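For reference, the chains in residue letters:
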Amino acid sequence: MTPVHALPPVIAAHDLTKTYTFHQQTAGLGGALKSLVKRKYETRLAVDRITFDIGRGEVVGLLGPNGAGKTTTLKMLSGLLYTTAGELEVLGHTPSDRKHDYLRRIALVMGQKTMLWWDVPAMESLLLHKDMYGLSTAEFDRNVAELAELLEVEHLLNVQVRKTSLGERMKLELMAALIHGPEILFLDEPTIGLDVVAKARVRSFLADVNRLRGTTILITSHDMDDIEALCSRVMIIDRGRLQFDGGLDDLVRTAQPRKLVRATYATPVDGTRLDGLDGVTAVDVDGQTVKLEADRERAGVVMEQLTRLGPLVDLDVADADVEDIMRDLFLRRSTLGDAS
Amino acid sequence: MTAAEIAQQSVYRGAWIIFMLANICVPIISLLIWRTALANGAQLPVDERYITTYFVLLGFVTMATSSWMAAFLANDIRLGKLSSWMVRPASLLVKFVANNLSEKFLKVFALVPMIGIVWWIFRDSMNLPADAGRWALFAISIVLGAVLVFTIDILIAALAFWMDDVGALVQARVIIASVLSGAVVPLALMPSWSRGFVDHQPFRYTVSFPVEIVAGQLTGRDLLAGLGIQLGYVVVLGALARLVWAAGIRAYSAVGA
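Protein chains in written order, with UniProt numbering: chain L, 1 to 340; chain U, 1 to 257.
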């Protein structure tokens with residue numbers, strides 16, 4: 001199999017920048033009246049010179065706190081927004097030209113916006129897509145059958161969309177987005193508001209789509225479980241800047257270079273023997289349980305020390321939770337940013 | 001797509017009957033008022049046959065050339081709903097054209113029987129040209145009128161790319177158009193000093209002009225000149241709408257996630 005990065009990138013962004021202009025209005029009647037006469041316009045830098053390449057078949061998570069610029073980036077990539085500066089090429093096209101040849105090869109799913117018509121069954125929207133994307137009847141039937149089976153929505157295709165639950169609707173949205181077999185799928189918070197079962201179903205479906213069809217997926221999500229389940233690579237955007245671009249493992253190692261260790265003993269142990277041990281921090285002893293953080297390189301030595309503390313019943317070594325890492329990362333960045 | 005729109009809109013079948021009843025009520029009331037005025041000796045530049053034909057046809061022409069798109073399109077722009085359409089390989093306006101056509105299709109079912117009844121009641125006091133050519137021009141003029149109204153709607157709605165709310169503009173246009181299109185008072189009854197303006201402003205060609213083709217009083221020369229002006233407005237406003245729309249798309253901020 002050819003490595004992903006050996007192929008030319010399907011998305012190439014260089015110094016991608018987007019600014020928004022908006023007017024500010026003070027609250028209250030006075031502010032409203034003042035804004036009638038004179039408006040104060042401000043420019044906000046939403047995306048600030050970010051550069052990246054994405055190869056065919058990659059699944060990339062775009063992460064960042066609210067207002068970081070990730071949705072703006074996704075909108076520029078899908079052609080909804082013009083770029084303010086920089087170069088952007090997706091599948092050989094400039095997305096904002098919105099050439100039909102380009103739009104036929106991509107799809108965008110927004111968790112908070114519907115692509116389906118509410119008052120009619122989803123099949124009507126699918127048939128509309130069949131015409132819009134110029135699918136043959138055979139191709140359409142095959143795709144409908146395949147996607148409906150993967151998503152388990154066969155029984156929903158002829159039900160009015162507004163009568164379906166949120167989870168069911170998202171599955172139908174995904175089906176409508178993928179019916180034409182796009183090469184790139186842009187997903188903006190696809191699991192927002194879904195229950196755990198529906199989230200799991202959507203994640204496994206997306207993984208299948210990537211595996212079976214080789215679809216490149218770019219996903220923004222605040223749910224770290226989505227990212228862990230799907231993405232081999234993450235890009236962290238904060239205040240419009242690309243702060244990290246690499247594997248999820250690298251992110252964990254960089255942001256949290258310690259392992260979390262939890263040891264459970266048959267009898268209460270004396271944890272003070274661990275104090276001062278090189279590479280060990282945050283020791284927490286609670287009767288028969290010891291929790292600590294250890295440097296990756298010192299993990300072996302620490303394990304050995306733990307086996308000497310007492311009769312070991314259970315030993316659990318894990319990386320820090322991605323959700324916690326992200327929270328720490330965003331908090332740290334915003335504190336640093338506020339201080340500067 | 002139009003079929004899908006019809007499927008979607010036919011869910012609200014009750015609403016169509018009410019819409020159309022409202023659509024035909026104003027012309028009938030106006031017709032009765034003007035006929036009464038004429039019967040009481042009012043001196044008007046047109047006769048009873050013209051007034052009767054005008055108001056009987058008015059409900060149909062108003063319906064056929066109307067568009068309710070401006071407010072919906074402006075809303076889609078303001079709330080970022082246009083995004084769903086921008087990522088699909090089709091004209092952004094295809095949804096609105098289909099919606100407009102399906103609306104007309106469903107309205108015809110509700111409106112034609114109502115107009116048929118009014119027609120039958122007043123059949124002896126109407127000008128009905130025997131010449132099939134006039135009816136063909138009437139049909140062409142209605143199509144051009146519908147395109148003109150649609151184009152004006154796009155122009156107004158496209159301002160939502162820059163303005164927070166175009167509701168006031170939409171409302172102003174409805175009020176101005178209802179007077180200047182001849183939907184309330186026949187333009188033939190407007191004061192003579194306003195003739196030059198009234199006859200050449202674009203709203204005349206959205207309602208009044210098609211009705212005038214059948215109701216009478218237009219010479220062959222008037223007809224040709226009128227159709228030329230109507231086509232001119234369609235081309236000029238169409239080009240302007242295209243320019244404004246293209247500039248608007250550049251300014252689009254695709255609000256919301």
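FYI, nobody ran anything at the bench for these hints, they're computed from the structure. Nothing here was measured: the structure is a model prediction, and the numbers come from that model. Treat the hints with care, since some could be wrong.
[Said to hold, decoys possible] Where chain L lies over chain U, by a calculated footprint (3+ residues, C-beta under 8 Å): (1) 77-89; (2) 247-253.
[What the hints assert, rightly or not] Only part of the chain L face toward chain U is listed, based on derived beta-carbon distances under 8 Å: (3) R39; (4) K40; (5) F52; (6) G55; (7) R56; (8) L80; (9) M115; (10) M132; (11) L135; (12) V159; (13) K163.
Ideal Cβ positions, reconstructed from N, Cα and C, are used throughout, including at glycine.
Results of checking the hints against the structure:
Chain L is given as covering the stretch 77-89 of chain U, and this holds because 8 residues of the stretch bring a CB closer than 8 Å to a CB of that chain, at least three being needed. Restraint check on the stretch 247-253 of chain U versus chain L: 3 residues with Cβ-Cβ distances below 8 Å, three needed, restraint holds. Evaluation of the R39 (chain L) hint against chain U yields a violated restraint, the C-beta minimum of about 11 Å exceeding 8 Å. Nearest Cβ of chain U to the Cβ of K40 (chain L): about 15 Å, over the 8 Å cut. The hint is violated.
For F52 (chain L), the interface hint is violated, the least distance from its beta-carbon to any beta-carbon of chain U being 21 Å, above 8 Å. For G55 (chain L), the suggested interface contact is broken, since its CB lies about 22 Å from the closest CB of chain U, more than 8 Å. With a least beta-carbon distance of about 20 Å to chain U, the hint placing R56 (chain L) at the interface is violated under the 8 Å criterion. The interface hint given for L80 (chain L) holds, since its Cβ lies 4 Å from the closest Cβ of chain U, which is under the 8 Å cut-off.
Hint status for M115 (chain L) relative to chain U: holds, with the closest Cβ pair at about 5 Å, below 8 Å. Annotation: interface hint on M132 (chain L) holds; nearest CB of chain U at approximately 5 Å, less than 8 Å. Given hint, L135 (chain L) at the interface with chain U, is violated; its Cβ is 12 Å from that chain's nearest Cβ, farther than 8 Å. Hint status for V159 (chain L) relative to chain U: violated, with the closest Cβ pair at about 14 Å, above 8 Å.
A least Cβ separation of about 12 Å between K163 (chain L) and chain U goes past the 8 Å threshold, and the interface hint is therefore violated.
Violation of the numbered hints given earlier is confined to hints 3, 4, 5, 6, 7, 11, 12, 13; the remaining hints are satisfied by the structure.
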